[in-house]
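Asker: Kindly produce the complete structure, drawing on both the sequences and the hints.
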Amino acid sequence: MTAVYEARHEPWDETRGAEIIAEHASQEGATLVVLHALQKAFGYVPEAAIPMVAQALNLSRAEVHGVFTFYHDFRHKPAGRHVLKLCRAEACQAAGGDALAARAEARLGVSLGNTTADDRVTLEPIYCLGLCATAPSAMLDGRLVGRLDEKRLDALMAEAQR
Amino acid sequence: MSMRLFVSRDAGALAVGADEVALALQQAAATRGVAVEIVRTGSRGLYWLEPLVEVATPHGRIAFGPVTESDVPSLLDALASNTPHLLRLGATDEIPWLKRQTRLTFARCGVIDPRSLGDYRAHGGYKGLERALSLGSDAILTEVTASGLRGRGGAGFPTGIKWKTVAQAKADRKFIVCNADEGDSGTFADRMIMEGDPFLVIEGMTTAAITVGATKGYIYIRSEYPHAVEAMSAAINAAKRGGYLGDKIGGSTHSFDLEVRVGAGAYVCGEETSLLESLEGRRGLVRAKPPLPAHHGLFGKPTVINNVLSFAAIPFILAEGATAYADFGMGRSRGTMPIQLAGNIRHGGLFETAFGVTLGELVDDIGGGTATGRPVRAVQVGGPLGAYFPRALFDTPFDYEAFAARDGLIGHGGIVVFDDSVDMRRQARFAMEFCAVESCGKCTPCRIGSTRGVETIEKIMRGERVSENLAIVEDLCNTMKFGSLCALGGFTPYPVLSALKHFREDFVPAPSTLQAAE
Numbered sequence: 001m002t003a004v005y006e007a008r009h010e011p012w013d014e015t016r017g018a019e020i021i022a023e024h025a026s027q028e029g030a031t032l033v034v035l036h037a038l039q040k041a042f043g044y045v046p047e048a049a050i051p052m053v054a055q056a057l058n059l060s061r062a063e064v065h066g067v068f069t070f071y072h073d074f075r076h077k078p079a080g081r082h083v084l085k086l087c088r089a090e091a092c093q094a095a096g097g098d099a100l101a102a103r104a105e106a107r108l109g110v111s112l113g114n115t116t117a118d119d120r121v122t123l124e125p126i127y128c129l130g131l132c133a134t135a136p137s138a139m140l141d142g143r144l145v146g147r148l149d150e151k152r153l154d155a156l157m158a159e160a161q162r
Numbered sequence: 001m002s003m004r005l006f007v008s009r010d011a012g013a014l015a016v017g018a019d020e021v022a023l024a025l026q027q028a029a030a031t032r033g034v035a036v037e038i039v040r041t042g043s044r045g046l047y048w049l050e051p052l053v054e055v056a057t058p059h060g061r062i063a064f065g066p067v068t069e070s071d072v073p074s075l076l077d078a079l080a081s082n083t084p085h086l087l088r089l090g091a092t093d094e095i096p097w098l099k100r101q102t103r104l105t106f107a108r109c110g111v112i113d114p115r116s117l118g119d120y121r122a123h124g125g126y127k128g129l130e131r132a133l134s135l136g137s138d139a140i141l142t143e144v145t146a147s148g149l150r151g152r153g154g155a156g157f158p159t160g161i162k163w164k165t166v167a168q169a170k171a172d173r174k175f176i177v178c179n180a181d182e183g184d185s186g187t188f189a190d191r192m193i194m195e196g197d198p199f200l201v202i203e204g205m206t207t208a209a210i211t212v213g214a215t216k217g218y219i220y221i222r223s224e225y226p227h228a229v230e231a232m233s234a235a236i237n238a239a240k241r242g243g244y245l246g247d248k249i250g251g252s253t254h255s256f257d258l259e260v261r262v263g264a265g266a267y268v269c270g271e272e273t274s275l276l277e278s279l280e281g282r283r284g285l286v287r288a289k290p291p292l293p294a295h296h297g298l299f300g301k302p303t304v305i306n307n308v309l310s311f312a313a314i315p316f317i318l319a320e321g322a323t324a325y326a327d328f329g330m331g332r333s334r335g336t337m338p339i340q341l342a343g344n345i346r347h348g349g350l351f352e353t354a355f356g357v358t359l360g361e362l363v364d365d366i367g368g369g370t371a372t373g374r375p376v377r378a379v380q381v382g383g384p385l386g387a388y389f390p391r392a393l394f395d396t397p398f399d400y401e402a403f404a405a406r407d408g409l410i411g412h413g414g415i416v417v418f419d420d421s422v423d424m425r426r427q428a429r430f431a432m433e434f435c436a437v438e439s440c441g442k443c444t445p446c447r448i449g450s451t452r453g454v455e456t457i458e459k460i461m462r463g464e465r466v467s468e469n470l471a472i473v474e475d476l477c478n479t480m481k482f483g484s485l486c487a488l489g490g491f492t493p494y495p496v497l498s499a500l501k502h503f504r505e506d507f508v509p510a511p512s513t514l515q516a517a518e
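Chains A and B, in that order, are what the protein sequence lines are.
Reminder that position 91 of the first sequence reads as 91 in our numbering, one-by-one numbering, no gaps.
Reminder that position 110 of the second sequence reads as 110 in our numbering, one-by-one numbering, no gaps.
I should point out that these hints are in silico values taken from the structure, not numbers from a laboratory.
Just to be clear, a hint being listed does not mean it is correct.
[What the hints assert, rightly or not] Footprint (simulated), chain B over chain A, 3 or more residues, beta carbon under 8 angstroms:
hint : stretch
1    : 29 to 35
2    : 62 to 73
3    : 77 to 83
4    : 111 to 120
5    : 140 to 148
Beta carbons are placed, not taken as given, at the ideal position from N, Cα and C, and that holds for glycine.
Answerer: Here is the structure:
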């Protein structure tokens, strides 16, 4: 399964990582920009990259680690082949999002925030996609889906499990 | 002559199939040999009608919706033969939900091609900046102050005073920062305007820059909004090419550069000092105020930090004059507010109107009640930190002070509707849990209070010493409200206490139920 994952992202490579860091390091307040760029390339921020970022930005490893762990977006390991995000905020709760989240957890056999054993699907909560007038909503690998119901959710899960 | 069609590229429309409809229109037209031009606009904000398809006619645009792929062949037939269609809504501008709005900020949203600087200018864009350049700093400040515009992010601080403070500050560098970290559930106005009329935000920020003497600006957009990031970045590039960003803006002596920065999933970064920390590349820890960002903001320099909607209100104020804006509204809330109707609602979307409309009008009349058809029981106004209002308070006018007087807030103008199946204990618990997850951790009342709040509400849910634990929650809320460093810990008590106050029956078992159980 990891082979499929690697089709979307490059495998970690120190030279490539250093290139990416150097490309963005000169910006003011570059830490988040650099971490985003690393995650975009590799699908996560490898632990080995943290001291490299620290050195390039003249920060301590602790400072970079602190930033990396503060923000929900940054991954310390690769996600599954597909990432299914379900909006769990109030507008989607009001429109039946709780039951849909429970259905997804039951069908996929993982709780929110986890990846299926076969590495196919990472199921994650998201706190507001800004689609609150067409709630409940979801995002599958960057594709938005509104007016989510059982049928649409099942179709998304089937697509993600393929 | 080709037929001009308009289909939204707004994320809310894409989520319900706008791309598929646009593609189907293109293909079906090609099959029939009909020449069509499909313009991808922002959304008009009538989300229950999305995907909305509009066609240009000599008498204005005619709307159809909600259109699915399977409707496309019959829709094209109807358009070609000028015959009726089931989804025909009539002239877009005459749709009552749109017609009764006062669209000052959202005038162009859903109308123009957001990728086209030419389209923006053809619809009155950059008139405000042109006038601002001729007025000069002092006169702009007078206009902005006289308009009565208050920070649309939620705090409601007068924009003119903020700008004046930065204008008067002496520094080698000043910054303009746009807070586009629209994290409140039930709000999407920032997203819509960034996707549907991005040059408006750029024009507002540029006006701020020439007023206070700033040369660099940042738009901090949350990562959950990839389409807004793309739209703003494209507009910035187009504005640079068109001479509206960079050196000698609009032929003047002013220079201003703008950059998009993307957040990383931290709700607290919507708090302005946390956002500045994040922009500087650090953890989003809230800063103690004072010093204010106006004196000591981004990289320690004087900084104007405003919400997207505040900047977006500026071009109208400059183009049409302060009075034209201030003529709308009530009390100290002047102008219009882009209100967002969301959650379990029949007619959800963006409703821009003058301050003063009542909550009941918004929910029942304009919103049409719940989508499920069940009775409305509670509405949360102003995001996760806003109070839950029962029907008994539906006479509250939409106004900063009127909501504050009833222990609520209008925040960023989001209204989330719940029907009678809602369990208010769960909503109160969620408010505390959300605060616990999103707390930056800097102050104790927020960091620890929220976790203790979750635990105590769970005890209530299990029926453990209910009245004692309710007293603890109320006491805890007071500590959080008065002891927290920022609005995250300070306002989390609003949803919790309002749930306790207005929906007490959900927390305390009714005596009659106990008797019946005996």
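Asker: Starting from the hint list further up, note which numbers the structure goes against and sort them upward.
Answerer: 3 and 4
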